[in-house]
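Since chain X is already given, all that's left is putting chain G on it; use the hints.
There are 2 protein chains.
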Amino acid sequence: MSRWKPDAQGRLIKAAIELFAEQGYDATTVAEIAERAGLTKRTFFRYFTDKREVLFFGSEELERIWLEALATTPTDASPLAAVMAGFDPIAEMFEERLPFARLRAGIIMANPELQERELIKLQRLAGSIKAALLERGVPLNAAILAAQTGLTVFHVAFARWVAQDDPAALRRLIDESLDDLRKVTAAEPAATRARL
Amino acid sequence: MSRWKPDAQGRLIKAAIELFAEQGYDATTVAEIAERAGLTKRTFFRYFTDKREVLFFGSEELERIWLEALATTPTDASPLAAVMAGFDPIAEMFEERLPFARLRAGIIMANPELQERELIKLQRLAGSIKAALLERGVPLNAAILAAQTGLTVFHVAFARWVAQDDPAALRRLIDESLDDLRKVTAAEPAATRARL
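So the protein lines, in turn, are chains X and G.
Under my numbering, the first residue of the first sequence is numbered 300, with each subsequent residue one higher.
Under my numbering, the first residue of the second sequence is numbered 300, with each subsequent residue one higher.
You can trust all of the hints, since none of them are fake.
With beta-carbon atoms standing in for the labels, derived distance ranges:
(1) Glu475(X) / Arg363(G): 32 to 38 angstroms
(2) Arg351(G) / Lys482(X): 37 to 43 angstroms
(3) Asp349(X) / Glu395(G): 43 to 49 angstroms
Don't read these hints as lab results, they were simulated from the structure.
A virtual CB, placed ideally from N, CA and C, is assigned to each residue, including glycine.
Same shape as in the complex, but just chain X:
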């Protein structure tokens, strides 16, 4: 968190995270967040439409970083390689945010409405990645499958990262998740298939 500049938005995020940690998400009001940040409610609403949005401020950043990395991959890289290219800078971006990510995951887990919001944001992200792949000339099915696979792998790795203590582990966990996915989707031996 130390790298967030002392701008109004950064101060509001820092204040919100502190208050969510101290007294819980539900109990925290916008007025308290603004007060802790030494700002007015009016300023809060210049940056966020509501309290929930503080939890999702990283989404645009994540998408921007991911799409930038995807765009720099050689055009003949496979669709999945293009998607996976985002994970180096993404893991770097999250490295200093493990405490917040853990707090945030707990808040979202406890709140079905926030889970839906998270899900919708992740699907929009998958949609943007799919669109970027289509622009590179990837066929529709492969674009959907690569984008969705990338999101699934990231989602599983992120949950594992939040549940452990090494901030630098995310990139490795992403590779492990992809390996797990490959194992899960590996073609069955004929004998097993026949039993179904």
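What follows is chain G alone, placed relative to chain X:
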């Protein structure tokens, strides 16, 4: 649609589909649906909380069929094989519903709020499948990945099925989607990896 029994719910669904096709989803009211079905609005609301729910009446059926099929697979079947076992009865269930599925897909595509609802229902379904796999003793990561992969494969195949004319093609399209997914996730040759 012919197999739907002439019960109130079935009549309401049939009337709603007819009206959505004739005059569009947005323009159709609950009062019109009830009237076309020869029933009262009061009866409509006994079966559906709102007009949107008519579009999602198949979700519970889909989940029930999928989980039943999953439960009948041998306990030593792979997680993905257990998930894939649902697709025989699911494809059969949908075979007579292609015109409705196509109409429904068009309505949902044009309505962001319905897209979110669809997404949330699909994620709940993934959650149920994950839970069923966990109960069979599948490790958490494999359960998430197999459930998510199953949903992704189904989602891609369903979109392709709706866009073509053979009602019996769904099962084949599901297998093709799984093959496509395997191709997309296949490990890269070392040379390609090194370039990233």
